[in-house]
Structure formats: C-alpha cells, structure tokens
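Chemist: Position one of the sequence shown corresponds to residue 113 (our numbering), numbered consecutively onward.
Please note: incorrect hints may appear among the correct ones.
Stated by the list, open to error - In silico DSS-like pairs for lysine-lysine, Cα to Cα no more than 25 Å straight-line:
1) K171 <-> K143
2) K152 <-> K115
3) K152 <-> K171
4) K115 <-> K171
Just so you know, these hints were derived from the structure itself, not from any lab.
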Amino acid sequence: MRKVDITGIHRILTRYYGSRHMTMETNVEDKNFINPYSMKLIFDYDPTIEIDYIILLRKLRRYIFGVHFNLNIIQEENKIQVYVIMYDKPMYKDYDFEFSSN
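Work out the full structure, taking the sequences as your base and the hints as a guide.
Modeler: So, in structure tokens, the structure goes:
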C-alpha cells in the first residue's frame with residue numbers, strides 16, 4: 113500500500129523553511145485511480161533561509177511508505193517544488209530446476 117504523509121511533509125517545511133501554503137498535483141492512471149504514480153508538491157518558503165537539500169531529502173523520505181520512489185527538489189524564486197515519482201517493487205521471476213544452467 114502506498115502511503116504519503118502530506119501533513120508530515122508540510123509540517124517539516126513549515127517548521128524549518130517557513131512555508132504557509134501548499135499546492136498538490138497528482139498523476140493517476142485510469143485503470144488504478146486510487147494509487148497515483150507521481151505527485152508534485154509546491155510550497156512557498158522564506159527566501160532568507162538557506163536550503164540544505166541533503167537534510168531535506170532525508171527528512172522527506174521518512175514520510176513516504178510502502179513504495180519505491182524518487183524525490184526531486186527544485187527551488188524557484190520563493191517556492192520549493194518536490195516531485196515524488198512512485199513505482200512498485202519489480203516482481204521476481206521464479207524458475208524451477210529444469211530451467212537452471214546446471
């Protein structure tokens with residue numbers, strides 16, 4: 113099950129970067145309308161605060177569960193854009209002894 117704690121992510125950006133507004137966009141397939149495969153979170157922030165991307169990525173990873181994901185952070189003017197691209201774990205193929213090379 114894919115879980116993204118949006119409240120926790122917004123709390124981090126409010127506490128450390130002074131964010132007051134958040135916008136979220138998701139991309140969802142037609143066949144599986146419950147699980148989005150990508151999200152774009154846009155936060156405003158205080159431009160006087162320096163962003164440490166490594167620490168921010170480490171903190172954001174704590175709030176995404178049950179899925180493999182890629183995080184991208186882009187800084188524009190006075191906004192932080194967080195792209196979350198989610199994908200399921202690849203299924204492993206199981207072969208019987210007759211298909212082994214020995």
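Chemist: So which of those numbered hints doesn't the model satisfy?
Modeler: 1
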